[in-house]
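**Q** First residue of the sequence shown: 3, per this note's numbering; consecutive thereafter.
Among the clues, some could well be false.
Said to hold, decoys possible - Dumping the calculated DSS-like pairs for lysine-lysine here, alpha-carbon to alpha-carbon at most 27 Å: (1) LYS188 x LYS153; (2) LYS48 x LYS163; (3) LYS188 x LYS163; (4) LYS153 x LYS163.
Source of the hints: derived by calculation from the structure; they are not laboratory data.
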Amino acid sequence: EDKPSHLISATDLSEVVSRYMDSADTQRVYDAFLLAAEAHDGVKRKSGELYIFHPLEVAHTLAELYMDADTICAALLHDVIEDTPFTKADLSKLFGNVVADLVDGVTKLSGGEFTSRQEAVAASFHKMMLAMTQDFRVVLIKLADRLHNVKTLGVRNSEAKRRIAQETLDIHVPLARRMGMNALRKE
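Could you put together the complete structure from these sequences and hints?
**A** Written out as structure tokens, the structure reads:
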């Protein structure tokens, strides 16, 4: 399927990472893209775009910040554990424990165990903060994920737009500021 001109492609991402990564790491990033594309095959976002463009955008944001191969791989795979049959063990076997731990740290907790949406958001935020104490790259992936989600809010209903925007202002913007990620914070 053709890629709309405003979306990042795997080739665009490969061009960015090949500027600063060696060929082995560039290949790992491409392999992560292939797995993400397979895992999300046929899935579309609310906008109608193929889902794979979302992790590509998240990975591209981080590649523009010259993040390492593990971070870019985890960005490409960040929704795989949450939304597909692939497990943390699968990712660990294919991409190593660091990538699997990063993806797991970004993955929201399953919703069935909470009595309210607010409780679920708080628990997922708490999980991300604990993961961040192990590896700060978890929050970088989460910030890039949120940035792309905010950029694509147009298709959501008014209530969802307000809720997501407020969450972003309350949690993600201050996090980006504290981490010194001013360009990302402003966006």
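**Q** A separate judgement is required for each hint: does it hold in the structure or not?
**A** Each hint tested on the structure:
no., hint, result
1, LYS188 x LYS153, "holds (12 Å)"
2, LYS48 x LYS163, "holds (13 Å)"
3, LYS188 x LYS163, "holds (18 Å)"
4, LYS153 x LYS163, "holds (11 Å)"
In the structure shown, no violation is registered for any of the earlier numbered hints.
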